[in-house]
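Residue numbers (our numbering), protein chains in the order written: chain A, 1 to 190; chain L, 191 to 623.
Accuracy of the hints is not assured; some may be wrong.
Selected chain A positions facing chain L (in silico; Cβ < 7 Å) [claimed, not checked]:
no., residue
1, Asp10
2, Ala19
3, Arg20
4, Tyr21
5, Leu22
6, Asp37
7, Asn57
8, Ser63
9, Glu65
10, Arg86
11, Arg90
12, Ala136
13, Met142
14, Cys148
15, Leu151
16, Leu159
A few chain A residues that face chain L, going by a derived Cβ cut-off under 7 Å, partial list only [stated by the list, open to error]:
no., residue
17, Val15
18, Arg56
19, Ile87
20, Asn94
21, Gly96
22, Phe141
23, Glu144
24, Leu146
These are calculated hints, taken from the structure and not from any lab test.
All residues carry an ideal CB built from backbone N, CA and C; glycine is no exception.
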Amino acid sequence: MGRVWKYGDDINTDVIIPARYLFTTDPAELAAHCMEDLDPSFASGVRPGDVIVAGRNFGCGSSREHAPVAIRAAGVRCVIARSFARIFYRNAINVGLPILECPDAVVALEAGEEVEVDLAAGTIRRVATGETFQAAPFPPFMQEILRCGGLVEYARRKLAAQGAQPARATQAAQGAAGGGGGAGRGAAGR
Amino acid sequence: MAAPRPMTITEKILAAHAGVPWVEPGQLVEVRVDFLMANDITAPLAIRAFREMGATRVFDPERVAIVLSHFAPSKDIRSADQCKVAREFAREQGLVHYYEMGEGIEHALLPDRGLVLPGELVLGADSHTCTYGAVGCFSTGVGSTDLAYAMATGETWLKVPETLKFVYYNRLQPWVTGKDLILYTIGRISCDGATYKAMEFTGEALADLSMDGRLAMANMAIEAGGKNGIFNPDQRTLDYVARRAQRPCSPVWSDPDAEYAEVYEFDAARIEPQVALPWSPDNVRPLSEVERVPIDQVFIGSCTNGRLDDLRTAARILRGRRVHPEVRAIVIPASRDIYLQALKEGLIEIFMAAGCVVSASTCGPCLGGHMGVLGKGERCVSTSNRNFVGRMGHPESESYLANPAVAAASAVAGRLCHPEELGIRYEEVAGVA
Numbered sequence: 001m002g003r004v005w006k007y008g009d010d011i012n013t014d015v016i017i018p019a020r021y022l023f024t025t026d027p028a029e030l031a032a033h034c035m036e037d038l039d040p041s042f043a044s045g046v047r048p049g050d051v052i053v054a055g056r057n058f059g060c061g062s063s064r065e066h067a068p069v070a071i072r073a074a075g076v077r078c079v080i081a082r083s084f085a086r087i088f089y090r091n092a093i094n095v096g097l098p099i100l101e102c103p104d105a106v107v108a109l110e111a112g113e114e115v116e117v118d119l120a121a122g123t124i125r126r127v128a129t130g131e132t133f134q135a136a137p138f139p140p141f142m143q144e145i146l147r148c149g150g151l152v153e154y155a156r157r158k159l160a161a162q163g164a165q166p167a168r169a170t171q172a173a174q175g176a177a178g179g180g181g182g183a184g185r186g187a188a189g190r
Numbered sequence: 191m192a193a194p195r196p197m198t199i200t201e202k203i204l205a206a207h208a209g210v211p212w213v214e215p216g217q218l219v220e221v222r223v224d225f226l227m228a229n230d231i232t233a234p235l236a237i238r239a240f241r242e243m244g245a246t247r248v249f250d251p252e253r254v255a256i257v258l259s260h261f262a263p264s265k266d267i268r269s270a271d272q273c274k275v276a277r278e279f280a281r282e283q284g285l286v287h288y289y290e291m292g293e294g295i296e297h298a299l300l301p302d303r304g305l306v307l308p309g310e311l312v313l314g315a316d317s318h319t320c321t322y323g324a325v326g327c328f329s330t331g332v333g334s335t336d337l338a339y340a341m342a343t344g345e346t347w348l349k350v351p352e353t354l355k356f357v358y359y360n361r362l363q364p365w366v367t368g369k370d371l372i373l374y375t376i377g378r379i380s381c382d383g384a385t386y387k388a389m390e391f392t393g394e395a396l397a398d399l400s401m402d403g404r405l406a407m408a409n410m411a412i413e414a415g416g417k418n419g420i421f422n423p424d425q426r427t428l429d430y431v432a433r434r435a436q437r438p439c440s441p442v443w444s445d446p447d448a449e450y451a452e453v454y455e456f457d458a459a460r461i462e463p464q465v466a467l468p469w470s471p472d473n474v475r476p477l478s479e480v481e482r483v484p485i486d487q488v489f490i491g492s493c494t495n496g497r498l499d500d501l502r503t504a505a506r507i508l509r510g511r512r513v514h515p516e517v518r519a520i521v522i523p524a525s526r527d528i529y530l531q532a533l534k535e536g537l538i539e540i541f542m543a544a545g546c547v548v549s550a551s552t553c554g555p556c557l558g559g560h561m562g563v564l565g566k567g568e569r570c571v572s573t574s575n576r577n578f579v580g581r582m583g584h585p586e587s588e589s590y591l592a593n594p595a596v597a598a599a600s601a602v603a604g605r606l607c608h609p610e611e612l613g614i615r616y617e618e619v620a621g622v623a
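If we strip away everything but chain A, and leave its shape as in the complex, we get:
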């Protein structure tokens, strides 16, 4: 169970973690400045298990992976948004920050209220009323990376399987992805 921190559209990575703090890669230090230029109360007030709820295009701007790292290190359980910017989406999956696209929840949820999130089911439950919101499921390819706990472990297994030999040859890409267009309009591959 956690509380909602609610923000608007187009929350960019510069306000999630300003460039002036990018002289470090230490997650705890990045977390201490998370959302600083948008909401100075966030870093000191956020508690483990809280969620960020935001509008469209969350994470737009810079490719800095420091942004999802800072949010995760701040204790945020997941980010729920109407939509995510492409690079942020990949980065979040890659570093293990759960994210859910769920416009209904974004409309309904208010700052400070309590929610329960079931990441496996992709459901968000409003504690006060029991009302439940269903997020779009991750496409199969993305689930595979998540099952590995992120891209680092996914890569570790792949490299080990190849005997740590760098591969130049193109893989059977369409086969690996479950056939052409098999992932549908899901989010993977952004």
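Use these hints to put chain L onto chain A, whose structure you have.
For chain L alone, coordinates are given in the frame of chain A:
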């Protein structure tokens, strides 16, 4: 092998790098990469992820570049330590394309050195990697962990994007540049108008654009959320590449009957110089409709507009004039090569005589890093690409994005200013360095 469907240039490049005859939007592909790049901010995280993955060698030391440009020359001990991590990795891996501080901002350096080429697939751990689409390659920004995976394997996975086509009819008006066209476009479609999509730029107005102007346009595709920005190569592209290419390449072009998710048609003759007001690159107005607010600083530089064309334009405005006494003006050539050429052409002397600060190549001011950070309530006209809250310094500072002619004129006037307000006629200065 004939493809069973017509494809856009983006689709053709992805198909070729997936080793399949054709692809379609929405499809996931695992693709071979031709070139990779990281900078001093993103490389340290990528290097850590690379090691955690159990990787020991990059897939090809000739195809991974590390460029020190953000906090370089280093502004403090901690950024020096980050540069050191990147530097030591480059040496350990024997990276052929390691570029020390001052060599240039990555997105100016790589195209100019012929390291990113038509038909290629390029990833960079920097959102403005989309710049290289100006030469007809697929290039996109990724995070550090994605880059680490590609460094280790020479591959990545991508979803084939839908393509948006932007057609610019007619001829450009005086003072209107690639920067104005892309600002106008972002203003029209908003900062998530192209999210997950390819932006393909075409039309007769672009035939007039120099490579520098096209690089500025592709650079800002990310400001509309675009996965990549791309131009079909023309003779100008091929000439540019022929003088620089460090390896052979295979240009491809969109089929005439390729499918687009949407086609936007703009009359370039009706577009005037544009300005993005705080605090988003999509908060765009024609300069004629923008209040002439007083300013504290002007920044001419960055991966968007620190190229030779941009410096020549700014110099035409500043020649024989003085920067307003209440304004600080900073000019940063985007690479050492550009700096040297600007020296030869006398541009640096013009800037210095006008009272500008001229710095070695760095991304510093653009991201509020160093060399021009804004204080509380200060206002800057910048040729860079972002004007988010706190982007260039204090969260209560303001940045206005504009082309180099407008920025230079504003430096002289002490307020937002069109060059013609200074009595400068385009015909008199065009083509004069």
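- Message: Hint validation: Arg56 of chain A versus chain L, beta carbon distance must be below 7 Å. Holds or violated?
- Response: Since the shortest Cβ distance to chain L is 6 Å, the answer is holds.
- Query: For the hint on Leu151 of chain A, does the least C-beta distance to chain L fall short of 7 Å?
  - Reply: Check passed: Cβ of Leu151 of chain A comes within 5 Å of chain L, closer than 7 Å.
- Query: Does the CB of Asp10 of chain A sit less than 7 Å away from some CB of chain L?
  - Reply: Hint holds; Asp10 of chain A Cβ to chain L Cβ min 6 Å, cut 7 Å.
- Measuring from the C-beta of Leu146 of chain A to each C-beta in chain L, is the shortest one below 7 Å? 14 Å, violated
- Task: Against chain L, run the beta carbon of Phe141 of chain A and see if the smallest gap drops under 7 Å.
- Result: 5 Å, holds
- Regarding the hint that Arg90 of chain A lies at the interface with chain L, is the smallest CB-CB distance below 7 Å? Hint on Arg90 of chain A: holds, closest Cβ of chain L at ~6 Å, below 7 Å.
- Message: Tell me if the interface restraint on Ala136 of chain A is satisfied: Cβ within less than 7 Å of some Cβ in chain L.
- Response: Constraint on Ala136 of chain A not satisfied, violated at 14 Å.
- Query: Is the hint on Asn94 of chain A kept, meaning its closest Cβ partner in chain L is under 7 Å away?
  - Reply: At about 4 Å, which falls below the 7 Å cut-off, the nearest Cβ of chain L leaves the hint on Asn94 of chain A intact, so it holds.
- Return the status of the interface hint for Arg20 of chain A: holds when the least beta-carbon distance to chain L is below 7 Å, violated otherwise. This interface hint holds because 6 Å falls under the 7 Å limit.
- Query: Does Leu22 of chain A pass the interface hint, meaning its C-beta sits closer than 7 Å to a C-beta of chain L?
  - Reply: Holds - the Cβ of Leu22 of chain A comes within 7 Å of chain L, reaching about 5 Å at its closest.
- Task: With chain L as the partner, please determine if Asp37 of chain A meets the hint condition of a C-beta pair closer than 7 Å.
- Result: 4 Å, holds
- Could you check if Ile87 of chain A really has its C-beta closer than 7 Å to a C-beta on chain L? With a minimum Cβ separation of about 6 Å from chain L (threshold 7 Å), the hint on Ile87 of chain A holds.
When the structure is compared with the earlier hints, violations turn up for hints 4, 12, 13, 14, 21, 23 and 24 and for no others.
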